[in-house]
Structure formats: C-alpha cells, structure tokens
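Q: Single-letter residue listing:
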Amino acid sequence: MDTKKTQSFKQQKMISSCLVNGILILICLVFIIPTLGIFITSFRSSQDIFTTGWWTIFPHKAAVASGEIHVDPNADLNGPISLPGVDGQYTFEQLRSGVSLPDGRTLTWYGNKRTRLINVTALKWVWFNANLTTKNYTDVLSGANVNYLDANGNTIVRQGDNLSQAFLNSVAVAVPATIIPILIAAFAAYGFAWLNFPGRKTFFVLVVALLVVPLQIALVPIVQDYTKLNLNGTYLAIWLAHTGFGLPLAIYLLFNYIALLPRDILESAFIDGASNFTIFTRLILPLSVPALASFAIFQFLWVWNDYLVALVFLGGKTQVMTMALANMVGEKGQDWQLLTSGAFISMLLPLVVFFALQRYFVRGLMAGSVKG
Amino acid sequence: MNVEQSVAPKPRGGVLGWLATNLGRILVSIFVPLVMFTVLWQGFLFLRDSNAPQVVLVLVAIIWGVGGVAALYTVSNWVVEQLPDEWTRRLQPFVFVGPALAIMAWFLAIPTIRTLVLSFRDATSLHWAGISNYVYAFTDRVMLESFRNNLLWLIFGTFFSVGLGLLIAVLADRSRFENVYKAIIFMPMAISFVGAGVIWKFVYTYKGTGAGIQEIGLLNAIVIALGGTPQAWLQNAPWNNFFLIVIMVWLQTGFAMVIISSAIKGVPAELIEAARIDGASEIRGFFNITIPYIQGTLLTVTTTIIIFSLKLFDIVRVMTGGNNGTNVIANEFYLERFTYGNAGRASAIAVVLLIAVIPVMIYNLRQFRESRAF
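Residue numbers (this note's numbering), protein chains in the order written: chain A, 1 to 372; chain B, 1001 to 1374.
Hints are computed from structural coordinates only; laboratory data are not their basis.
Just so we're clear, the structure is a prediction, and the values are computed from it rather than from any experiment.
Every residue, glycine too, gets a C-beta built ideally from N, C-alpha and C.
Any given hint could be a false lead.
Covered, in the sense of this in silico footprint (three residues per stretch, anywhere, with C-beta under 8 Å from a C-beta of chain B), are these stretches of chain A [to be verified]:
1. 30-38
2. 63-73
3. 83-91
4. 140-146
5. 185-198
6. 272-284
7. 336-342
Chain B on its own, in the form it takes in the complex:
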C-alpha cells in the first residue's frame, strides 16, 4: 500500500563535516520558521486587541487562520526536506500526521483521562473527593430526573425518527415526486437546534385564557378549533418532554430517511420480483426481504440517533432551560460546570455519558478490524 521513495545512496562524512557544509542551510532552516511564527503571533495579537471594523477583522481572521495552517505545513515540510534523505523519509510522515494526532490528543484523547481524574476531585478540582461525585450523579433527584428524560428521548425520539424515516423512505420510493418530498423532510437538518427551538416555541406558544385573547400559536389554535382549551404545552410535566422530543424527531427524521432510502435502493430488484412471483404480498415482501436486507443500515442509523439523543443539549436549553421536569444529562453537565462551577460533578456526568457510548465504540472498532482497511 505504501509507496517507498527511492533513496539515492549518499556519501556521508562525519557529522561535523556535514554540519560545516550545510551551515548556511541550517541557519536558513531556523530563520524561516522563526519569521513565520513571528508573523502568525503578530496576527494573533492584532485579532485579539485590534478595534478595526468588524468586516476587516473577520477577513483578517479567516486569512490568518487558514493561511497560518497552510504555512505551518509548508514550512515544516520544507524544513524536513532540508534534512538528509534518510531523515526526511523518517520524519515526513509525522509532518503529515503529527498535527492531526497532536490536536486529537489535546482535545479528545488526553481530556478523556483528565476528566476521569477530575471526576474524583471536588468542585474546585483541588482536593480528592472520592466517589462522591458519582454518588451524586446516580442518586440525586435532579440527575435521576435527567436519566428518566434521556431515556424518554432515547426510546421515543429514536423510535419515531427511525420509524418515520423508514416509512417516508419506503413510500417516497414509489412516488414520482420522490426528490421533492425528500428535500422537504431533509431540510430541518440544515437548521440549528436553536433555530428549531424558536420555530417550535412559536408553534407551542400560549397566551393564557381571558376575554379577547387570540392564541397565536399553531397548536393552541388547532386545539381551539377542535373545541379544546389552550394549554401551556411546555410547562406540564411529564408531557412537555414529549413536545420537546417532537422537535428532535423533526430534526432527525431526514437523516434517517436519506440513509435508509439509499439502502432500500440497494435491495436487488430480482429478489423482490421473485418474492412477488411466488405470491408474497407487498407487505410480506417488505418484512421478509427489504427489512432483513437493510438491517445493517437500520442498526447504524439507530445507534447514531441514540448517541445523538444522549448528548442532546441545545433544544432543552433553549426551550425550557431544563425547568419543569425537562432536564437532561447534557444540560445538567452544562449547569454543573458553567453555572454552579462544580468541575467535579460535571466531570462525573461527562464520564457517565462516555460510558454510555462505549458499546458503540467497541462495535465500531470491531467493524473496523473486520473491514481490514489496513
């Protein structure tokens, strides 16, 4: 798989001799990166402290950020190519892979361990706190409520997203206007959870009862038109959770639909035809051929949405702030760390989230080993 560079054998004197012949080269190799770092540092200071008009700042920021990364690679590669061929060959892979590994280590791999350690320390991370944070995470009333709600999100959110996605994928497959339907269902994927929060808050809005009050929220207007009384949908526990879950279904159905739809298109037409000739009804054909065929895809979609539902934060934060019995784990994490300033408890909650996704991680690793991509 690897293309080895052809290395011409090179006559080598002592290290000192090499140094002497290449002194100019070495000096330039040090000088160029120094210039680059100075320029980048000045750019950073300018961006941090300047009061230039915002459009200018934004443009400078984009050029500085993107150009800076490109320059880092170009210069470090150039420096490595100044070395003797043997060393170039040894070090160049790390010029390519190194930055990515370093950033992943800093932002994901090492923090996992650090968070694990912090979860055994107290609110200020200064003293050991034993397992008290975990005791909190698994016994506190607020946490238990969050677990219950996450379970609701996980079960109902995932079920309806995947179910509706499957239904639409199957139906759209038989329609001439497939692409129009799919684009409409898919559109919410481009909308932020905060934006979706505003959209649905407006649907659920409630003005109270009294003379001359006109409900401007769609749901309450429908309820009134059907002869019911308007409700404050986001305040009545535990039903408000379901009104929030609707938003997740609205956002995630498109994702499920697109992936399932492409899997359905992969079902060989001969298989279905053969079943029809044997006299199987359309519904039986669907359950006995299509579903088993797209099983793997359904599993992938389901796990992806399950993970999504575990980490769900924005919707709850924007819609209710976790009040009225709608708190979820990720919101409680945010509150503990950034509102109450309790790093220990927040870390313990993050570890709980991590533990919840470990089965998926193991599954991914196993799949990867079987695929033999390496």
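Looking at chain A on its own, in the form it has when it is part of the complex:
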C-alpha cells in the first residue's frame, strides 16, 4: 500500500516535471526563434534569402524536380489527357494549375498549350541545403558600393552602410557615456553618504524625484542650449546628455551601496589622517566595485542600444549603430541580407557584455527597478 502511494507520487512528480519543462521549452523556442532566424539569414546568400525561407536550411521535405513528361503530339488537349506512367486523366486546366498525385508527385504544365511539356516534382527529403557565406557581413561593414543578386539573379548595386564606422562611433559614445556618469555619481554618492553639507537631504530628495522623469521633457530645451553652444553633433554633447539622464539612477544605486559600507573602515582612515579624496579613491572606489559594475553594465547597454538621444543630439554627422541600422530599415527595407547581418553586428557587443557579466546586471536591475 505504502510503496504504491510513493510510486504514484513519483509518477505524478514526473508528469508535472515533464509538463513544466515542456511549457518552458515551448516558450523558450518562441522567444529564440526570431533571433535564430536573422542569425541564419545573415549567413545566407542574397538570392537564397529572397527565394526561400531561412528555415529551409534545416532538413525538410521539399518539391524537387524529378523529371518531365512529354505529352503525345496527337492527344486532344480539350478533353481529359492520359499521360504515360500516370493513373487517371486530367484536363489541361487542371494540369496548368498543378495536380498532386496520390504517390506524392506533382505535375505542372509548362508554359502554353503548344509546349506539350509537363514538369514533374516529387517531395523528397532535403537534408542540408545551406549555401552559407560571410559576404553579407563584409558588405554591410564596408562603406563602398556593394553588389548582390536579387531573386531573379539580377545584380543590384547599393551604397554600403559603413557599419564599421558606426561601430567605432558607438564605442566612442558608449564607453565615456558609461564611465563618466559612474565617476560623477560615485563622487556624489560618497558626498551624500559620508559628508555633511547644507541641503544634503533636499538635494537627495531631488535625485529620487528625478528617477522617473521621462527624458523627453529635457530634449526641447537642451537642443536649444546645444545650438547656442554649437555642441550639436559632438561626442561631448551626447556624453553630457547620457550623463544627465543616467545620473539620478546612478547616484541612487551607488548611494544605497556606499552608505552601507562599514563605518569603522572610514573612521580609522580618517584617524590616520587621510583626506576625503584619498579615502574615496583608495578605499571607497575599490570597495564599491560590485555596485559600480552593475551600474556600468546597465548604463552601457542603455547607451549602446539608445536610439532617441543619438538621433536628437548627434544628427546625421556621426552615426551610431542604432541610427545606421534604423536608416537601413528605412532605405533598404527589403535587403534582408544587409539588415540581418547589420542587426547581428549591432547585437554582438551588448550580448557579449551581457552574458559575461549577467550576474552583476541582474543585481543592478533589482536595485534599480524604480527607474523610469
């Protein structure tokens, strides 16, 4: 009796585990297939992309030409036609639109009545139909003209998108726009946590209030300022903008961490005669590396993936990845070989950073989920 009970319990447990994993695998497939699609497409030749779906590189059953039938020159084409090797008779109209035979073959009349030619295709397994290339990547990175074949085999010439330049621009924007706000915020967090000055609390309440302010509110006046200062289109302009928009969250996160550092470490440093600046650079910064790292990833992904701020402050002169990619969508919406490889290049660095430092990123998310 008892063993039976445990057995059925075990069975129940196994069923529920299968169910859980089944549902999760299904959801994960739905989540990952779109990305897989562009990843595979980015390595296919342009002509393949335009004529068949990306999933056809996997083993599948496809109609493959398996021969042709010549219709007897004397056969009457106005009635049902009998064909050699085929049971049953079909009219010209039926054959014209294609007839599927019970044995899996498909007959299609080729051209007009006079050809008297029928193409035969059969469903066969196609195991590996991949004609993979890295040409798309070299094309999309280059700024020179690139050629590719369209669905009908015609050569098309396009101006390259120079994504290599956009990539470098993105690096030049994202690295300082990550480090600068962290540095400024760390100084401020230390000030708020360990120094006394008039207005300390009021200013910090302001930081909390600014956490959710949508950055759209700032764009119109800041563009006016930048125009007056002749800053539009410079790196400095976009670094400052990202710093401004990222600071409230950065200060909030780092304050929460730095304020909780053990008091006695700092006190003993003060007794040894260290100045605030020395304590901050020698003691606080090294101790806060986990918090700094989690915000750094957060900010880096945000800046790298940002489109609006770059669009507004960089304009056309200096294109970052997101802008270049968005322009490609606008100008070359159907050139999937370029769009997919471009999209993948733009995802490369954030994905590497993300998977390498996922642990820190999650911690940052937890602490910062109040941001707007």
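Could you slot chain B onto chain A? The hints should help.
A: Using the frame of chain A, we list chain B on its own:
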C-alpha cells in the same frame, strides 16, 4: 553617519597677512586649473575639427572624455585643499556633489520648468500661445489615436510582460534547467529596440500574392502551412498595434521574470510547506501565499513597465514610423519637434508624458521617506 574631519586650530593673522604668506600658493592654484582647461579645450577642438583616422579619434575621444572628468575632480579637489582647513571642510562636499547636481539641474530639473514654459509658447517659442498647444494635445485626431495606442501598449504590453514573466519565473523555479531557460528569456534585454525591430520585421515580412511567390517571413509561412492566406501584418489597423506590442512583450518579459523570480525565491519555504500540510493544493498555495508575498515586487515591476510603455518610441519609429494607425505619444513628440519643428506642441506633449508619471514619482518619494535612508 558623517565622519567629521578633525580640524587642528590654526593661528590666523589678518586676511592680508594670510594672502602675503600664501601668494605663491594662490598663483599656483590659479595656474594649474588654467593649464587643465587649456588642455581640455585643445582636445575638444581636435575632436571637433580633426580629420585623423577614425580609430585614433575614437581613442582620443575616450581618453579625453574620461580623463577630463577625472582631471576636473582631482584639480578642483586640489584647489579646495589649498584653502584654509575651515574652508576646505565647507567646500569639499560641493566638489564631490556639485558636478552631479549641476548636470542634473542642467539636464533634468531646469528643463522640466523650461519645457513647461515652452509648452505655452508657439511653434518657434517666440510668442505666447496660451493653452492652444494643450488643446491640440488633447483634441487632435492624431493625438487621440496616439493616446488610444499608448493605452493599448500600457494595458496589453504590461499585462503580458508581467503575466508571462510571472509564469516563467514560477515554472522555472521547479525545473533543473532553470538557468538555461532564464538566460534565453532574458537575452532580448541586451538587444536594442532597433535591432529587435529588424528581427520582428523579418518575422512579419510579406511579399504579396501571386504565382511563384514564396513567403520568407516566418509568420506568413506558418499561416500558409496552416492553410490561411498571407497578410501584411503591419498595415492593418488596429491589429498592427498588437503585432508591435508583441515586440515589447518579447523585450520586457525577461526583466519581469528576473525580478519576480528573485522575489519568489525569497518566499519562506516553511510558509509553503505549512500550507501543503494543511492540505492546500499547489495552485491555492500559489494564490494565497506566493502572490501576496511578492505583491510589492509585482507592483514595482508593473509600474516600471508601465512607464516604459508610456515612453515607447524606437519600436514604432523603426517598424511603421507611426503610420497605419500605430502612432504613439513619444513618436508624435519626436515628429512635432524634429520633423515639423513645432517646439510648442512638442513641449506640451512632453508635459503630458511627465504628468502621466507623476503618481509614480510621488509613490517613490513616499517610499523613500518611509525607508529613512537619511
């Protein structure tokens, strides 16, 4: 909480006497910042005007930007430390906090007020325009359509992101491969909205009907395989909005999942065990124990995603440009300011966005006051 610096009492003569003894010091204190500013200014000019190879420019830009900020702090701190101790103690906090406050004031606090003022001025910001911009914002056909769409994004986007995130978090908690599943669901968070736009545009792509045309978009291929006719998914209002919302759900579910998952792990095991012993089913245990326990987290995640959905811009801009009845407020803001050049209307729309998040702001402030972090 604050560590006061021990200040040794210092004999002080008159101001003039101090000046005389410290003249060299003062001169150096002025000279050093001047040198620094000159170097930084030259760097700025080089970056703006130089035609050097791009790799060089990028490296110089990074060193200039990061080094410049570090130098600013070091030098200003050094200058402040040259002052008498009393003044060092008074001014040093502002060396630490000042730059952050100044930048936040310039980029967020003051612009809020300036935008509010601009929203009552006309397209060129030169003349007063009364409330006409707000009349536009709340009555124009395009704006009303944007409000409707944002409402769709807010309701469906948030509901499905949080719901799916909760479902996955709960299920993954019972699986041995939890981390694999979570990494896959989480991955879209690293992808830009523009990149996500390309990914999904390819899923939705439509080639039209005709002989010999093979659909290369996944969704249309599935529809054909199931016996349906292919559709131009992004053109048929109002359904195209839902196809765009799918992208947001794809991007935000990972965020919801990670945060909810860590909250679920915080539910004490004894509580759930006790409920099981009392005979509660797993589902009842979930609704009566887990959900109330993670309520706070669910609220935080929901508000974060709601704010996100209000400000949503990139997806719509890349996928449809706001055409075919898919416009949203943030896109209309961009169009008004940067395409039609109407600063007044754009400002009014930005203020509407701000008003929408004020409840969250008040909630945050209240939470902060209760937490007594100060």
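Q: Could you work out which earlier hints the structure fails to respect and list their numbers in ascending sequence?
A: 2, 3 and 4
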